[in-house]
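Participant: Construct the complete structure from the given sequences, taking the supplied hints into account.
There are 2 protein chains.
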Amino acid sequence: MALQPVLVGGAWRQSKNPAGSFSAVNPATKISLPEQYPISGPEDIDLVLQAAQGAVAELRSAGSPAALAHFLDCFAEQIEARVDQLVATAVLETALPAEPRLRSVELPRTTNQLRLAAEAVRDGSWHRATIDTGSNIRSMLGPLNGPVVVFGPNNFPFAFNAIAGGDFAAAIAAGNPVIAKGNPGHPGTTQILAEAAFAAVQASGLPLAMIQLIYHTAPEVGLGLVSDARIGAAAFTGSKTAGLALKAAADRAGKPIYLEMSSINPVFLLPGAIRERGGEISRELYASCSLGAGQFCTKPGIVVMQQDENSQRFIKELQSYFGQNVPGTLLNKAGLTSVAKAVTTLQEQGAEILTGGYAVAGARFAFANTLLQVSGDHFLVHPVDLQTEAFGPVSLLVIAEDINQMRAIAAQLEGNLTGSIYSHSQDEDDNAYDQIELVLRGKVGRLLNDKMPTGVAVVPAMNHGGPFPATGHPGFTAVGLPAALLRFAALHCYDNVRQHRLPPALQDKNPNGRMWRLIDGNWSQQDI
Amino acid sequence: MALQPVLVGGAWRQSKNPAGSFSAVNPATKISLPEQYPISGPEDIDLVLQAAQGAVAELRSAGSPAALAHFLDCFAEQIEARVDQLVATAVLETALPAEPRLRSVELPRTTNQLRLAAEAVRDGSWHRATIDTGSNIRSMLGPLNGPVVVFGPNNFPFAFNAIAGGDFAAAIAAGNPVIAKGNPGHPGTTQILAEAAFAAVQASGLPLAMIQLIYHTAPEVGLGLVSDARIGAAAFTGSKTAGLALKAAADRAGKPIYLEMSSINPVFLLPGAIRERGGEISRELYASCSLGAGQFCTKPGIVVMQQDENSQRFIKELQSYFGQNVPGTLLNKAGLTSVAKAVTTLQEQGAEILTGGYAVAGARFAFANTLLQVSGDHFLVHPVDLQTEAFGPVSLLVIAEDINQMRAIAAQLEGNLTGSIYSHSQDEDDNAYDQIELVLRGKVGRLLNDKMPTGVAVVPAMNHGGPFPATGHPGFTAVGLPAALLRFAALHCYDNVRQHRLPPALQDKNPNGRMWRLIDGNWSQQDI
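Those protein sequences? They're chains A and B, same order as listed.
Quick note: the first sequence uses the numbering used here, first residue 1, plus one each step.
Quick note: the second sequence uses the numbering used here, first residue 1, plus one each step.
Any given hint could be a false lead.
Pairs involving identical chains hold if they fit within one copy or between any two copies, as the list cannot separate such chains.
Unchecked claim - Think about it this way: if two alpha-carbon atoms lie no more than 30 Å apart in a straight line, the pair counts; the simulated DSSO-like pairs of lysine-lysine are:
| no. | residue 1 | residue 2 |
| --- | --- | --- |
| 1 | LYS240 | LYS333 |
| 2 | LYS451 | LYS509 |
| 3 | LYS30 | LYS333 |
| 4 | LYS443 | LYS341 |
| 5 | LYS443 | LYS240 |
| 6 | LYS451 | LYS316 |
| 7 | LYS240 | LYS30 |
| 8 | LYS509 | LYS443 |
| 9 | LYS30 | LYS341 |
| 10 | LYS341 | LYS316 |
| 11 | LYS240 | LYS451 |
| 12 | LYS240 | LYS341 |
Treat the hints as calculated values from the structure; they're not laboratory data.
No experiment lies behind these values; they were computed from the predicted model shown.
Facilitator: Right, here's the structure in full:
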């Protein structure tokens with residue numbers, strides 16, 4: 001069977017000297033799907049890099065915010081014209097539920113992100129144009145000097161797809177061509193998205209090599225890609241092992257790389273909250289842990305509470321939710337193996353299984369909903385191994401002696417995307433909250449109060465980021481527009497440059513009458 | 001003779017098990033100065049890290065913008081009370097001229113930076129507080145979860161000093177303790193600044209370990225410091241060799257490090273400008289190249305122009321400036337060796353010496369003002385070696401055939417802090433300007449028009465940064481407040497957190513009535 005084409009150099013074409021081929025596997029049946037996709041080798045990589053450089057030069061001389069915004073809007077429409085095909089293909093490749101997840105949640109989130117990115121481009125405030133009239137020094141965030149390489153994860157075939165997701169939208173909106181390296185778990189979904197994107201490129205007048213797609217590469221080829229002198233930056237969402245290898249390669253070459261790797265998203269349940277509404281919280285917690293079969297980067301992987309009679313009751317309720325519900329299907333065999341291994345690691349370090357702990361027999365990839373428990377004392381002896389991420393419907397309860405020990409546990413946490421604190425609705429837990437928050441704040445990107453972390457709203461104040469090793473840099477977010485654009489930008493300063501030679505965002509006249517600019521220390525939408 | 005004390009753990013004390021000692025050398029006489037300073041080993045490092053962690057915790061529970069601002073202002077006053085002592089010591093240790101350089105330029109710049117940092121703290125707009133009222137998600141830039149390690153360079157004993165300069169001021173203003181690693185070239189100057197800083201710490205009520213100082217370490221100890229799990233980030237200004245070694249160590253540990261390494265600051269002279277005012281430009285260029293004996297990170301190390309009769313005359317004039325003036329004193333012997341080696345490298349790659357090219361005999365460290373020349377054709381054959389930085393009064397002229405070749409030369413440039421284009425005062429060079437700018441823009445942090453790059457104004461729009469290898473990240477600046485603070489901050493998001501648990505910057509009420517906040521997409525100084 002012929003291999004599916006890659007999108008390289010402004011056209012769909014056969015991979016040049018591929019290193020092999022692969023196909024997707026339906027996780028619900030473990031049966032391979034028929035389409036064969038190429039594993040790209042160095043020759044494809046060289047072609048995409050060359051073509052992307054051409055696109056960078058073209059954009060610089062003839063690019064415009066209007067064309068970028070038009071592309072992003074048009075891409076959203078093109079996706080909407082392919083909803084049935086996209087959902088059907090994603091169901092086959094990921095076994096995620098068509099409804100509500102794929103069709104009613106993730107797909108609209110994806111088109112919404114693209115439209116918000118278009119709006120960010122039209123608005124232009126993301127440039128953070130800064131003008132000092134006295135010295136006539138002006139600066140703004142502008143595109144990088146090379147394409148952005150985006151690696152998509154397996155768990156969000158639309159919203160984080162390398163050629164349609166948040167990183168893609170942000171990199172394009174910041175004015176950079178994208179080289180998408182699709183996730184090999186869902187190549188067919190990625191191909192349809194790339195077709196939609198390419199139709200939008202053709203309609204918008206952007207350089208044809210603005211977007212390119214390869215499906216898969218050998219690891220060493222990926223390392224070569226993120227460290228190539230011709231790229232601007234890279235973005236990766238996926239496992240810590242792969243992420244750290246890419247980071248090492250990119251770092252050596254001096255190339256920025258933004259990683260979203262592992263996170264166990266600690267949830268601290270304060271005693272007043274459990275006493276007041278333990279039943280409600282256990283339901284909420286189970287729902288958060290089992291969403292997407294636990295394959296969310298923001299899944300609560302560790303839950304810390306104080307030992308008392310209320311927490312005993314709470315654990316029993318939670319245990320029954322975990323035990324009585326059928327677990328979702330995992331994305332692939334590697335995920336199943338990895339979850340089983342992580343649970344074994346937790347057990348070896350002294351965690352006791354309250355329910356689950358085994359792979360589910362049958363036609364599909366599944367692991368039983370699994371709740372484990374360990375004492376706070378024990379956690380403090382093995383704090384590293386007991387933070388092993390289990391990317392599935394698994395959570396570890398840590399039962400502390402008191403608030404002081406809860407705080408000591410917080411102090412041992414690695415960097416995480418999120419940390420949550422549940423507290424009594426009145427002031428009962430205020431002191432305990434302060435004690436935990438003081439330590440937890442520095443460990444997480446997003447601190448939640450009385451709320452589970454799995455929802456990641458696409459709003460300007462969102463932080464889907466956090467300290468290493470959750471990500472590679474604590475100052476940036478991967479979700480939320482226009483903030484996510486800041487990762488893919490360089491600071492361009494103009495010193496004593498004549499008006500007509502300045503980019504429109506830095507000229508005296510506000511280019512669209514609404515762009516926010518920092519003029520002599522004050523944010524303004526006015527002309528100078 | 002007793003070793004001078006280090007400032008560790010909130011007190012001046014003897015270094016614990018130092019790895020040796022060193023003294024400064026007067027570059028004007030090559031004679032060692034009497035004071036002996038310790039080379040700190042792992043035990044000092046462990047003490048400073050422990051103490052800094054304590055300071056982080058203390059700040060988090062009891063820190064305030066008022067105390068930080070008070071410290072910064074008070075430090076500026078303490079410096080002013082020690083001007084004579086500082087200038088006298090810096091003259092002995094660096095041989096930089098007391099007037100105007102040290103007393104009238106660099107010292108006021110230093111106190112000005114500290115006061116601007118204090119103002120940034122009081123104003124609070126640097127936090128970039130972002131509030132989405134609909135979702136009640138709020139975020140801001142806040143301090144890191146550990147101290148900032150600052151490595152000071154040799155060429156600015158005040159303004160970039162590890163315990164008083166721009167990085168120091170920015171790290172403190174962002175709310176982080178600083179571990180200063182002084183430059184071994186001017187330990188006495190650094191000690192006086194640290195005494196002034198420590199007096200200000202005591203007066204302001206900040207944790208006593210807010211600032212700490214060691215003078216020198218073995219390279220491997222420095223690598224351990226920037227990769228220690230307990231630090232927040234590091235900042236380094238200095239050589240590419242040392243910077244890249246520190247970067248590799250910090251990167252492996254997932255610690256942000258901001259580097260300001262090498263830059264040759266290309267200057268493109270367009271034909272109309274040379275014809276119109278070549279005499280003026282040659283004077284300006286010589287002044288820029290010889291400032292601080294050429295030991296500026298923004299010194300024009302390469303000058304590109306088109307071959308014609310005007311440029312021939314221009315070169316003769318420039319050559320006579322270089323040849324007829326007495327060169328300044330270099331900072332140390334290593335600098336002299338390094339300049340000589342760089343000039344040899346340039347010669348080996350075919351550059352011809354027009355004037356200079358030798359070490360000046362005598363009591364002081366000095367290298368003749370040196371002008372080299374190479375053809376554009378030749379440059380394009382050896383573009384890497386011909387970009388060797390010579391950190392001294394040395395500049396390389398590249399004589400291109402035409403504008404196209406000037407553009408080809410620009411395309412071969414590495415990342416630089418600055419790039420300058422001189423153009424005719426009317427529209428004569430407009431087309432040439434556009435051609436060069438299109439390529440140069442992506443290669444530099446600050447693009448100058450009809451202006452030499454050596455002046456680095458401390459204004460909000462400044463970018464003293466640029467693409468690798470000039471720095472380690474193209475999105476940040478080391479000079480300019482409050483922008484320089486952004487390097488030492490983490491993005492702190494609060495999701496559904498109750499009002500009284502939010503930091504003041506994110507509560508509905510604007511904490512000082514003037515902080516700019518991004519509320520529902522609009523910058524505002526109002527309450528919600």
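Participant: Hints first: check each against the structure and report whether it holds.
Facilitator: Consistency of the hints with the structure:
no. : hint            : verdict
1   : LYS240 x LYS333 : within (18 Å within a copy, 46 Å between copies)
2   : LYS451 x LYS509 : between (45 Å within a copy, 24 Å between copies)
3   : LYS30 x LYS333  : within (8 Å within a copy, 69 Å between copies)
4   : LYS443 x LYS341 : within (26 Å within a copy, 47 Å between copies)
5   : LYS443 x LYS240 : within (17 Å within a copy, 32 Å between copies)
6   : LYS451 x LYS316 : within (21 Å within a copy, 73 Å between copies)
7   : LYS240 x LYS30  : within (25 Å within a copy, 52 Å between copies)
8   : LYS509 x LYS443 : between (43 Å within a copy, 27 Å between copies)
9   : LYS30 x LYS341  : within (20 Å within a copy, 64 Å between copies)
10  : LYS341 x LYS316 : within (25 Å within a copy, 74 Å between copies)
11  : LYS240 x LYS451 : within (26 Å within a copy, 47 Å between copies)
12  : LYS240 x LYS341 : within (15 Å within a copy, 43 Å between copies)
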